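A.B. asks: Each chain, letter by letter, is given below.
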Amino acid sequence: MKTNLRNLHRVGIFVTALMLLALPLTQAQQVDRSKPPQLGTPPSLTLPQIQKSTLSNGIRVVIMEKHGVPVVQMNLLIRAGAALEPQDKIGLASLTAAMLKEGAGDKSSLELADAIDYLGASIGTSADNQSTWTFLHTPLSKFDQAFSLFADIVLKPTFPADELERLRKERLTSLVQRYDQPTMVAAVAASQFVFGEKHPYGRGAMGTEKTIRGLTIEDLKGFYNQYYHAGNAVFIVIGDVRSADVVVKLEKTFGTWRKGEPAILKILAADQVRGRTVYLIDKPNAPQSVIRISRVGVDRLTKDYFPLTVMNTILGGSFSSRLNNNLREQHGYTYGAGSSFDMRLAPGSFTASSSVQTAVTDKAMTEFFNELNRISEKVSDQELTRAKNYLALGYPGDFETVSQIAGQLGEILYYGLPDDYFNNYIGKVLAVTKEDVQRVAKKYIDPENIAVVVVGDQKSVQKGLEGLKLGKLKTMKIEDVLGKMPVL
Amino acid sequence: MKRLVLISFLCLSLASAQDLRIDVPYTQFTLPNGLNVILHVDRTTPRVTVNTWFLVGSGNEKPGRTGFAHLFEHLMFMGSKNVPTGKFDEWLEAAGADNNGSTTPDRTNYFEDLPSNAMELALFLDSDRMGYLADAMSPKAVDAQRDVVKNERRQSYENRPYGMASLVIDENLYPPAHPYHWPTIGSMADLSAASFEDVVQFFRTYYAPNNASLSIAGDIDAEKTKALIEKWFAEVPRGKPVPLIDAPPAYLTEEKRLAFEDRVQLPRLYMAWLSPALFKPGDAELDILSNILTSGKNSRLYKRLVYEMQIAQDVSAFQESQKQVSSFQITATARAGHTLSEIEKVIQEEIDKLKKEIPTKREVQRAVNQYEASFINRLERIGSFGGKADQLNSYYAATGNPDYFNEDLARYRNIDPGDVTAFVRTYLRDDGRVVLSIVPNGKKELAAPGTFISVEGK
Chain E
1035 MKTNLRNLHR
1045 VGIFVTALML
1055 LALPLTQAQQ
1065 VDRSKPPQLG
1075 TPPSLTLPQI
1085 QKSTLSNGIR
1095 VVIMEKHGVP
1105 VVQMNLLIRA
1115 GAALEPQDKI
1125 GLASLTAAML
1135 KEGAGDKSSL
1145 ELADAIDYLG
1155 ASIGTSADNQ
1165 STWTFLHTPL
1175 SKFDQAFSLF
1185 ADIVLKPTFP
1195 ADELERLRKE
1205 RLTSLVQRYD
1215 QPTMVAAVAA
1225 SQFVFGEKHP
1235 YGRGAMGTEK
1245 TIRGLTIEDL
1255 KGFYNQYYHA
1265 GNAVFIVIGD
1275 VRSADVVVKL
1285 EKTFGTWRKG
1295 EPAILKILAA
1305 DQVRGRTVYL
1315 IDKPNAPQSV
1325 IRISRVGVDR
1335 LTKDYFPLTV
1345 MNTILGGSFS
1355 SRLNNNLREQ
1365 HGYTYGAGSS
1375 FDMRLAPGSF
1385 TASSSVQTAV
1395 TDKAMTEFFN
1405 ELNRISEKVS
1415 DQELTRAKNY
1425 LALGYPGDFE
1435 TVSQIAGQLG
1445 EILYYGLPDD
1455 YFNNYIGKVL
1465 AVTKEDVQRV
1475 AKKYIDPENI
1485 AVVVVGDQKS
1495 VQKGLEGLKL
1505 GKLKTMKIED
1515 VLGKMPVL
Chain R
74 MKRLVLISFL
84 CLSLASAQDL
94 RIDVPYTQFT
104 LPNGLNVILH
114 VDRTTPRVTV
124 NTWFLVGSGN
134 EKPGRTGFAH
144 LFEHLMFMGS
154 KNVPTGKFDE
164 WLEAAGADNN
174 GSTTPDRTNY
184 FEDLPSNAME
194 LALFLDSDRM
204 GYLADAMSPK
214 AVDAQRDVVK
224 NERRQSYENR
234 PYGMASLVID
244 ENLYPPAHPY
254 HWPTIGSMAD
264 LSAASFEDVV
274 QFFRTYYAPN
284 NASLSIAGDI
294 DAEKTKALIE
304 KWFAEVPRGK
314 PVPLIDAPPA
324 YLTEEKRLAF
334 EDRVQLPRLY
344 MAWLSPALFK
354 PGDAELDILS
364 NILTSGKNSR
374 LYKRLVYEMQ
384 IAQDVSAFQE
394 SQKQVSSFQI
404 TATARAGHTL
414 SEIEKVIQEE
424 IDKLKKEIPT
434 KREVQRAVNQ
444 YEASFINRLE
454 RIGSFGGKAD
464 QLNSYYAATG
474 NPDYFNEDLA
484 RYRNIDPGDV
494 TAFVRTYLRD
504 DGRVVLSIVP
514 NGKKELAAPG
524 TFISVEGK
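As given, the protein sequences belong to chains E and R, one line each in that order. Per the working numbering, residue 1035 is the first one in the first sequence, and the count goes up by one each step. Per the working numbering, residue 74 is the first one in the second sequence, and the count goes up by one each step.
Just so you know, these hints were derived from the structure itself, not from any lab. Small disclaimer: the values here were computed from a predicted structure and weren't measured. Among the hints, a few may not be true.
Estimated spans, in silico, between C-beta atoms of each pair [said to hold, decoys possible]:
| hint | chain 1 | residue 1 | chain 2 | residue 2 | range |
| --- | --- | --- | --- | --- | --- |
| 1 | E | 1407 | R | 159 | 16 to 26 Å |
| 2 | R | 328 | E | 1276 | 56 to 66 Å |
| 3 | E | 1469 | R | 479 | 49 to 59 Å |
Backbone N, C-alpha and C define an ideal beta-carbon position, used for all residues, glycine too.
Please build the complete structure, drawing on both the sequences and the hints.
C.D. replies: See the structure below:
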């Protein structure tokens, strides 16, 4: 497509030259609005150099000097997550991460928070299924002090028992609040029905009432000791810094961090959804139905990454995508509709979703399946070009802030993508053909074998949904998805 | 108080010889049709953002036609004389661009974030809809977006837990004829009533270049950009002077105590006061107050309610800075087994305490430091909502000066702890506020004292 635009550029010059001959220059009123202006050659993105180092204990460090705005982003990626939890200790990885900030070095939870806030810095710690992230974002002028706090949080957490009790209460209350949120209920339900409750992607990383109540300080310290070490760690630093200074700083503080065996993080691919079941979860009197149509998708390293990304952009990955255009712009059923592939270590989900007005739930569902079927049948040149350009020409927009860049680099490092990945991205998007798109649509979007979740007013929508004869319809209560509500 | 301000300012200046200065160089000019233009060059990324503010919002609406400014915002993407329906988004996506718009009571803004080669496409699209939207508008387009907006309302208010809170608070905080009395999203009945004729009239009245400001930031050449802006926008005709909003004064002479039931598991308490307008004395102080009360574990309300007593799941406070008058709000969700009266008692104690004793230097400085950091962080993006182009337009709309960064930051730096107390005393009055309880269905006993109302059909 890049070529195409260069062609357009040439046409543009030609047209302008003709206009100059034909029109008086000063008549602004006669600007030609009959077609959009011809655009010049798209700019290429030149990123600052990626500088790689290794600390003496083997921790890899990736730094990008980005000058201009005096801020620093430092991400520490630990290759361990909720997938490593035993079935009876779900929530362990995320609670361990959360506890890092509840006491470290010689500082209590409150003292740490005060020190970080006083610097105007922010430090975050979290864990999902396959990774644990800690990050520091700070004004450059406060980098030294903020880094010292960050290092304590990672290296010297104290895991105070009373703070665990506090977080436990907070998390149990969050479980209760999920019953209020129809989009949350739909997401949890879809994960369970697609992956099964035992699979890491089906059970989630938050934990259940039972597992959260059961976790102990020893569990958390155990998880920390097993996985938080140099053998699982990678640093990504972006900002208004000098690379050499950062390496010295990291070596001094993290260079002696214990090096353990790297975690073996293996997540098995879930079995594909067989057949089509409609799960209708009752939310009495809801003015909208939350729809999630989902099946097992692909892992991040799929060789079909680029065709799939283009295909999904056409189907539901942009404003003018088919799903949004159909359900929102053509029919007014919703404020927005879309689709996505959650690409992870193991195949994550493909999901098409929307919140639609209750009265049109069946009609909206029909349009969803029309689009899921149609995407394998035909894709126009115009759609293909638009989707490829949207992804390729918009790509530099993903590299504006230090946290965005850190996220991009994190993905490369986590999955071991090649060093020239950023440079080749645009070319690979533009190389996708119509045949590629139809091939991956046929292969991955199988509307016959898919889970259909609706969270809405059962008495209003059940009959219409049954009339569609999509497959077996199971009616459920929110408790059937989230379990019995915790009694606190 | 002024003297104290001066002293604290001197101290700060002495303390840090190299005070941070926010540097966002810009050029500004006005086209003959009245369109204000702001240009800012930043070549960090090969991207450009084209950001437009129209000084019209839901505050310009009339009762019976609420939600119109926002409905109109949706129509701005439906095509114009030379842009067929659907092409606005399609052409932008084909150029690698994103776009969006938003409406508040005071203004409506739009942006396109594009690769730098595609800037002219945005100028064409934006000038076409500024000049010739009405030529392409049809009752069908209005109906289509009417349905979309009703679904936006269902999704963001009616089907969201506690979603109706802001509607109830605003209609009790501001008198019926006040432009902030009704919600920007509008009522369902008014959305149904909006007509095609209303659309054309609204467009002619408010969407004129003399009521707009165009801010472009990013990888641009200022001279060439100026020429392109003239090329596309010069022909857009100037409109009549825009009618001013005649807002009646907003004041509360009583404490209004209300409650309603919702499909939620936990009760939530809202307390709201009228407060100084954006950039008026007290506005920055109440920002600092919100930080002192609820930002971080050491903030007063978080520490007591969530950290120590553990009777609340969350607590937040904010100064909603607006053009005519602002509101200051505190929200807290009670944990299971606790009532909103328990929560309110603690909040009241902390407010009373702040009226009596000035906050510590450290907690004020901690808040100021966080604001200062946020000013730096806000320089990272040129586009989208809140990027540099949007900030330049925002400052221009409020003060007439796009580069108001340092003046804005100085407001926070110059705050003396005593100022916070003074403004708490003046504005957070017990006898002029709205206190709202939202409780789970059938659990009225969890509410703080107040009259139960119905939110059906609001």
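A.B. asks: Confirm or reject the claim that residue 1469 of chain E and residue 479 of chain R have a C-beta distance inside 49 to 59 Å.
C.D. replies: holds, 57 Å
A.B. asks: Against the range 16 to 26 Å, how does the distance between the Cβ atoms of residue 1407 of chain E and residue 159 of chain R compare: consistent or not?
C.D. replies: holds, 22 Å
A.B. asks: Hint says 56 to 66 Å; check whether the CB-CB distance for residue 328 of chain R and residue 1276 of chain E agrees.
C.D. replies: holds, 58 Å
Going through the hint list in order, the structure satisfies each hint without exception.
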